[in-house]
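S.K.: Chains as they are written, first to last, in the numbering used here: chain A, 4 to 485; chain B, 4 to 485.
Rather than coming from a laboratory, the hints here were simulated on the basis of the structure.
Keep in mind that the hints are not guaranteed to be accurate.
Stated by the list, open to error - Below 27 Å or equal to it, Euclidean Cα-Cα: the simulated DSS-like pairs (lysine-lysine) are:
| id | chain 1 | residue 1 | chain 2 | residue 2 |
| --- | --- | --- | --- | --- |
| 1 | B | K127 | A | K215 |
| 2 | B | K411 | A | K215 |
| 3 | A | K211 | B | K411 |
| 4 | B | K443 | A | K159 |
| 5 | B | K411 | A | K127 |
| 6 | B | K127 | A | K159 |
| 7 | B | K215 | A | K411 |
| 8 | B | K159 | A | K288 |
| 9 | B | K99 | A | K444 |
| 10 | A | K211 | A | K140 |
| 11 | B | K61 | A | K247 |
| 12 | A | K443 | B | K61 |
| 13 | A | K127 | B | K247 |
| 14 | B | K323 | A | K443 |
| 15 | A | K211 | B | K211 |
| 16 | A | K67 | B | K247 |
| 17 | B | K323 | B | K127 |
Stated by the list, open to error - If you want a taste of the chain A side facing chain B, the calculated C-beta under 10 Å gives, among others:
| id | residue |
| --- | --- |
| 18 | E6 |
| 19 | P7 |
| 20 | K8 |
| 21 | T109 |
| 22 | E124 |
| 23 | V162 |
| 24 | S287 |
| 25 | Q360 |
| 26 | N364 |
| 27 | I368 |
| 28 | K411 |
Since the structure is predicted, the reported quantities are computational estimates derived from the model, not experimental observations.
We put the beta carbon where it would ideally sit given N, CA and C, even for glycine.
2 protein chains.
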Amino acid sequence: MIEPKVLSKIESIVGKKNFSATKEDKICYSYDATPLLQKYPDAVVFPEDAEQISKIMKLANQEKFSVVPRGAGSGLSGGSIPVDDSIVLVMTRWNKILELDESNLTITVQPGVITELIDIEAEKIGLFYPPDPGSIKFCTIGGNVAENAGGLRGLKYGVTKNYVLGLEMITPTGEVIYSGGKNVKDVAGYNLRDIMVGSEGTLGIFTKILLKLIPRPTNSKTLLAFFNSTIQSGEVVSEIIASKIIPSMIEFLDKTTIKCVEDYAHLGLNTNLEALLLIEVDGSKEEIDRNAELIHSICKKKNAVEILVAQTEAEALRLKTARRSAFSALARVKPTTILEDATVPRSKLPEMLEAIQKIVNEENILLGNFGHAGDGNLHPTCLTDERDYSEIHKAEKAFDRIFNTAIKLGGTITGEHGTGLSKSKFLEAAVGSAGLEFMKKVKSSWDPNNVLNPGKIFTLKPKCEGALPKFKNDIKEFSTNL
Amino acid sequence: MIEPKVLSKIESIVGKKNFSATKEDKICYSYDATPLLQKYPDAVVFPEDAEQISKIMKLANQEKFSVVPRGAGSGLSGGSIPVDDSIVLVMTRWNKILELDESNLTITVQPGVITELIDIEAEKIGLFYPPDPGSIKFCTIGGNVAENAGGLRGLKYGVTKNYVLGLEMITPTGEVIYSGGKNVKDVAGYNLRDIMVGSEGTLGIFTKILLKLIPRPTNSKTLLAFFNSTIQSGEVVSEIIASKIIPSMIEFLDKTTIKCVEDYAHLGLNTNLEALLLIEVDGSKEEIDRNAELIHSICKKKNAVEILVAQTEAEALRLKTARRSAFSALARVKPTTILEDATVPRSKLPEMLEAIQKIVNEENILLGNFGHAGDGNLHPTCLTDERDYSEIHKAEKAFDRIFNTAIKLGGTITGEHGTGLSKSKFLEAAVGSAGLEFMKKVKSSWDPNNVLNPGKIFTLKPKCEGALPKFKNDIKEFSTNL
Numbered sequence: 004m005i006e007p008k009v010l011s012k013i014e015s016i017v018g019k020k021n022f023s024a025t026k027e028d029k030i031c032y033s034y035d036a037t038p039l040l041q042k043y044p045d046a047v048v049f050p051e052d053a054e055q056i057s058k059i060m061k062l063a064n065q066e067k068f069s070v071v072p073r074g075a076g077s078g079l080s081g082g083s084i085p086v087d088d089s090i091v092l093v094m095t096r097w098n099k100i101l102e103l104d105e106s107n108l109t110i111t112v113q114p115g116v117i118t119e120l121i122d123i124e125a126e127k128i129g130l131f132y133p134p135d136p137g138s139i140k141f142c143t144i145g146g147n148v149a150e151n152a153g154g155l156r157g158l159k160y161g162v163t164k165n166y167v168l169g170l171e172m173i174t175p176t177g178e179v180i181y182s183g184g185k186n187v188k189d190v191a192g193y194n195l196r197d198i199m200v201g202s203e204g205t206l207g208i209f210t211k212i213l214l215k216l217i218p219r220p221t222n223s224k225t226l227l228a229f230f231n232s233t234i235q236s237g238e239v240v241s242e243i244i245a246s247k248i249i250p251s252m253i254e255f256l257d258k259t260t261i262k263c264v265e266d267y268a269h270l271g272l273n274t275n276l277e278a279l280l281l282i283e284v285d286g287s288k289e290e291i292d293r294n295a296e297l298i299h300s301i302c303k304k305k306n307a308v309e310i311l312v313a314q315t316e317a318e319a320l321r322l323k324t325a326r327r328s329a330f331s332a333l334a335r336v337k338p339t340t341i342l343e344d345a346t347v348p349r350s351k352l353p354e355m356l357e358a359i360q361k362i363v364n365e366e367n368i369l370l371g372n373f374g375h376a377g378d379g380n381l382h383p384t385c386l387t388d389e390r391d392y393s394e395i396h397k398a399e400k401a402f403d404r405i406f407n408t409a410i411k412l413g414g415t416i417t418g419e420h421g422t423g424l425s426k427s428k429f430l431e432a433a434v435g436s437a438g439l440e441f442m443k444k445v446k447s448s449w450d451p452n453n454v455l456n457p458g459k460i461f462t463l464k465p466k467c468e469g470a471l472p473k474f475k476n477d478i479k480e481f482s483t484n485l
Numbered sequence: 004m005i006e007p008k009v010l011s012k013i014e015s016i017v018g019k020k021n022f023s024a025t026k027e028d029k030i031c032y033s034y035d036a037t038p039l040l041q042k043y044p045d046a047v048v049f050p051e052d053a054e055q056i057s058k059i060m061k062l063a064n065q066e067k068f069s070v071v072p073r074g075a076g077s078g079l080s081g082g083s084i085p086v087d088d089s090i091v092l093v094m095t096r097w098n099k100i101l102e103l104d105e106s107n108l109t110i111t112v113q114p115g116v117i118t119e120l121i122d123i124e125a126e127k128i129g130l131f132y133p134p135d136p137g138s139i140k141f142c143t144i145g146g147n148v149a150e151n152a153g154g155l156r157g158l159k160y161g162v163t164k165n166y167v168l169g170l171e172m173i174t175p176t177g178e179v180i181y182s183g184g185k186n187v188k189d190v191a192g193y194n195l196r197d198i199m200v201g202s203e204g205t206l207g208i209f210t211k212i213l214l215k216l217i218p219r220p221t222n223s224k225t226l227l228a229f230f231n232s233t234i235q236s237g238e239v240v241s242e243i244i245a246s247k248i249i250p251s252m253i254e255f256l257d258k259t260t261i262k263c264v265e266d267y268a269h270l271g272l273n274t275n276l277e278a279l280l281l282i283e284v285d286g287s288k289e290e291i292d293r294n295a296e297l298i299h300s301i302c303k304k305k306n307a308v309e310i311l312v313a314q315t316e317a318e319a320l321r322l323k324t325a326r327r328s329a330f331s332a333l334a335r336v337k338p339t340t341i342l343e344d345a346t347v348p349r350s351k352l353p354e355m356l357e358a359i360q361k362i363v364n365e366e367n368i369l370l371g372n373f374g375h376a377g378d379g380n381l382h383p384t385c386l387t388d389e390r391d392y393s394e395i396h397k398a399e400k401a402f403d404r405i406f407n408t409a410i411k412l413g414g415t416i417t418g419e420h421g422t423g424l425s426k427s428k429f430l431e432a433a434v435g436s437a438g439l440e441f442m443k444k445v446k447s448s449w450d451p452n453n454v455l456n457p458g459k460i461f462t463l464k465p466k467c468e469g470a471l472p473k474f475k476n477d478i479k480e481f482s483t484n485l
């Protein structure tokens with residue numbers, strides 16, 4: 004526990020109205036969107052400016068408490084879960100769009116801006132902010148940058164990293180640093196910006212984010228193809244890429260997911276088939292017609308049972324709804340939804356789909372599989388019940404096997420959710436022991452007292468291990484009071 | 004000087020045939036393409052495999068000598084110039100293309116492969132490796148990655164960083180680490196790969212490089228527009244970008260450069276005008292026609308005196324030759340050519356062009372200005388004579404003013420050449436003192452004995468300052484023997 008006199012010092016930095024140590028607030032900020040993890044912070048603070056954050060970090064280094072930065076808490080790897088002796092630093096009030104620069108095609112935002120609003124703002128002047136994580140309607144851009152969030156359009160347009168031009172941030176020791184800017188080329192010194200993107204709140208706290216925008220594509224075409232075999236749907240993906248077409252979207256849904264989506268959204272999907280692919284191409288009219296035709300013929304060659312081509316914007320939206328509602332649809336089935344993001348090189352997708360199916364059967368779990376097939380980025384989603392340890396144990400065993408299979412196929416343990424707490428045990432297998440060692444060197448040199456979001460991604464000091472959050476079931480602190 | 008017994012140990016690691024301490028070799032590896040800098044190494048080694056490099060780095064840490072890695076030596080910021088007590092580690096023999104993976108659109112190469120060969124290999128199967136630094140015909144990909152090299156196609160296609168998917172590298176302490184891979188999405192742990200790109204040989208030595216390829220554009224159109232005012236040519240660039248068109252190339256040449264190019268290549272250019280823009284658009288036929296027409300009308304509106312549109316592939320090549328030969332054409336004029344790469348946000352281009360003109364007039368230097376206008380990345384090139392100190396002094400003063408102007412306009416000291424030795428004195432102004440401090444923390448934590456290419460980008464320990472290379476004139480060591 005942080006000592007009361009230290010909490011008072013923190014309160015005096017941010018002011019009474021921006022500080023809370025009430026039970027209600029501690030509960031609200033004890034979890035994020037990651038299942039199974041929860042821990043109460045000692046206090047919750049809402050800093051108003053960079054100077055306050057800087058002072059908090061300096062105090063944290065003096066008094067040795069931990070600071071856990073947090074946006075909307077939509078993360079899926081436990082990156083914003085409190086740790087022992089920690090305060091949560093909430094950035095959601097930093098929600099201003101600071102500048103839209105039409106002549107340089109950039110937008111500058113505060114970290115608490117909801118991601119979708121950035122693209123809405125860009126669209127007003129014919130520009131486009133492509134990254135679209137599933138949580139786009141409620142996640143904040145600071146979290147997107149911290150996790151290097153992906154989304155449905157990654158295949159053609161890349162991920163958050165590809166749009167971050169500049170960052171203003173507070174270091175773990177309280178300095179303000181800037182990296183990058185409006186120059187589209189800049190090689191002055193080390194590229195600190197790109198190691199900050201995806202650093203999961205462990206290397207700094209963003210206070211200003213400069214993003215690249217691109218001209219908005221004017222035409223697109225959406226197709227939906229159904230298959231009798233998941234493996235064949237995977238082969239279609241490989242063949243499209245090998246044909247030198249880069250669609251703006253190739254999304255996959257397996258049978259379980261199709262059924263749940265149909266139950267949830269009543270789109271008239273054929274629920275008897277094994278897999279569907281949602282494919283979108285964009286570009287000039289000529290280009291999308293040519294590419295859509297080529298994709299159509301590849302789907303046919305691979306025995307697609309049914310191929311729908313949206314004839315109107317509204318119909319395209321309806322088809323895309325099938326994919327966009329996958330997570331919500333699956334989440335209704337059982338009390339606990341464990342959404343993962345094992346990723347493999349695109350050419351290994353058929354093998355990975357087959358392996359997941361085998362693991363699901365052998366471990367006897369209920370799992371819906373969907374995801375960004377064009378990126379080899381799958382979201383195997385286990386529908387389970389956290390109150391039942393044997394269920395959770397089965398799920399964990401299945402995911403262990405899934406991640407190990409991904410690594411064996413040259414893949415990775417996380418394509419877009421981050422390592423956080425959930426996947427730190429797999430990190431060494433994914434990046435090698437020397438790779439892990441050199442990541443730790445960066446962290447230790449920037450955060451010598453290990454006060455900024457410690458224990459996430461990896462554990463620096465053994466003392467932290469006991470301090471990590473556990474299953475919610477283990478948290479009894481308030482249970483009798485509520 | 005490195006002691007003879009240590010040199011013997013180095014020789015025994017790489018073998019007699021891969022080690023040289025002859026005067027001839029020391030001279031050959033004493034300089035790169037950066038003017039004014041030269042220093043002799045104590046030996047030159049040509050390692051054959053990763054294990055030898057690892058052993059050399061471990062020995063360097065034990066015996067405290069420095070290792071300067073080097074490819075073709077085409078760098079323009081002195082990144083591969085030897086330092087005190089150093090050996091040069093030459094990677095040009097690592098010139099194999101290891102794999103071309105058509106299903107994942109990747110190519111794996113050794114660091115000594117000449118950049119142009121990568122695109123030639125990709126082209127055979129309809130793919131494209133876009134980064135095209137001016138030295139494309141002789142520079143090596145390892146150096147491109149180390150410097151994050153740019154080129155003419157940066158505007159639409161980005162720079163080297165945007166194509167590096169994975170790296171195998173030897174750390175300063177001799178460990179082998181891997182970062183990235185064929186997964187198009189991967190957020191497992193810190194993004195070490197992207198801090199390695201542009202680290203100028205100070206954080207590791209690449210032994211394997213995995214690059215992304217993209218489908219090759221099938222159509223392009225090339226325009227050449229002449230202007231009576233450099234500022235108006237700069238305004239054309241801003242207006243094209245603001246019109247939401249991203250050409251594959253917008254290159255600028257000023258009057259001095261046009262004249263030199265015409266003298267050199269006899270292309271029939273109008274040498275009486277102040278500036279020319281070379282603009283290329285690519286994409287579908289429909290798209291390039293529409294965009295070329297729009298660009299044509301913007302040029303006309305901004306009083307272009309003459310606009311040429313290439314009607315054939317051969318004519319397009321002829322127009323592009325005007326730009327591609329700019330550096331060679333300027334380099335013929337005087338004994339010493341100092342090519343710089345001050346960069347500003349695109350919208351600041353007219354202001355920057357005006358400022359450079361003013362500085363050139365006031366400092367009374369001979370300067371040709373050209374560059375990647377679409378990126379705000381200019382190459383003001385001073386034509387001078389290194390044997391004349393007063394000339395060099397004037398050039399240095401002019402460049403000081405040019406870099407400070409770039410920084411004042413929100414620009415940077417280097418868009419694509421790197422900081423190296425030439426620009427380290429400007430780095431703090433460009434990235435801030437806290438930013439510089441955090442870069443040094445990374446270096447110190449990875450290279451605690453400061454043995455890998457020390458003194459480049461920044462100086463870690465004061466002792467190094469005296470050890471840095473000086474003007475060639477100061478180097479007398481071999482002068483009497485040659």
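S.K.: All hints are to be evaluated individually against the structure, with a verdict given for each.
M.R.: Taking the hints in turn, this is what the structure says about them:
Proposed proximity of K127(B) and K215(A) is contradicted: the alpha carbons are some 33 Å apart, above 27 Å. The suggested pairing of K411(B) with K215(A) holds, with an alpha-carbon distance near 21 Å, which does not exceed 27 Å. A hinted pair counts as satisfied when its Cα atoms are at most 27 Å apart, and K211(A) with K411(B) qualifies at roughly 20 Å. Between K443(B) and K159(A) the CA atoms are separated by roughly 36 Å; this puts the pair beyond 27 Å, and the hint is violated.
Straight-line distance between C-alpha atoms of K411(B) and K127(A) comes to about 31 Å, which puts the hinted pair past the 27 Å bound. Between the alpha carbons of K127(B) and K159(A) the distance comes to roughly 22 Å, so the proposed pair stays at or under 27 Å and holds. Among the hinted pairs, K215(B) with K411(A) is consistent with the structure: their alpha-carbon atoms are about 21 Å apart, no more than 27 Å. Between K159(B) and K288(A) the CA atoms are separated by roughly 20 Å; this keeps the pair inside 27 Å, and the hint holds.
This hinted pair does not check out: K99(B) and K444(A) have alpha carbons roughly 32 Å apart, beyond 27 Å. Distance check on the hinted pair: K211(A) and K140(A) sit about 20 Å apart at the alpha-carbon level, within 27 Å; holds. Only pairs whose Cα atoms come within 27 Å are accepted, and K61(B) paired with K247(A) is rejected, the gap being roughly 44 Å. Between K443(A) and K61(B), the direct Cα distance comes to roughly 20 Å. Compliance with the 27 Å bound is thereby established for this hinted pair.
For the given pair, K127(A) sits about 13 Å from K247(B) by alpha-carbon distance, which is consistent with the 27 Å threshold. Proposed proximity of K323(B) and K443(A) is contradicted: the alpha carbons are some 47 Å apart, above 27 Å. Distance restraint check for K211(A) and K211(B): the Cα-Cα separation of roughly 36 Å exceeds the 27 Å cut-off, and the hinted pair is therefore not satisfied. Proximity of K67(A) to K247(B) is assessed by CA-CA distance (about 50 Å); at most 27 Å being required, the pair is judged violated.
With a C-alpha separation of about 22 Å, the suggested pairing of K323(B) with K127(B) holds against the 27 Å cut-off. Look at E6(A): its Cβ only gets to about 30 Å from chain B, farther than 10 Å, so that hint breaks. The restraint placing P7(A) at the interface with chain B is violated, with a minimum CB-CB distance near 32 Å, outside the 10 Å limit. A least Cβ separation of about 30 Å between K8(A) and chain B goes past the 10 Å threshold, and the interface hint is therefore violated.
Taken as an interface hint, T109(A) checks out: its beta carbon lies about 8 Å from the nearest beta carbon of chain B, inside 10 Å. Interface restraint check for E124(A): the shortest CB-CB distance to chain B comes to about 15 Å, outside 10 Å, so the restraint is violated. Hint on V162(A) holds. Least Cβ distance to chain B is approximately 6 Å, under the 10 Å limit. Because the beta carbon of S287(A) sits about 4 Å from the nearest beta carbon in chain B, less than 10 Å, this interface hint is met.
At its closest, the beta carbon of Q360(A) sits 21 Å from a beta carbon of chain B; the interface hint therefore is violated under the 10 Å criterion. Given hint, N364(A) at the interface with chain B, is violated; its Cβ is 26 Å from that chain's nearest Cβ, farther than 10 Å. A hinted interface residue such as I368(A) counts as satisfied when its beta carbon comes closer than 10 Å to some beta carbon of chain B; here the least separation is about 24 Å, so the hint is violated. The beta carbon of K411(A) comes no nearer than 13 Å to any beta carbon in chain B, farther than 10 Å, and the hint placing it at the interface is violated.
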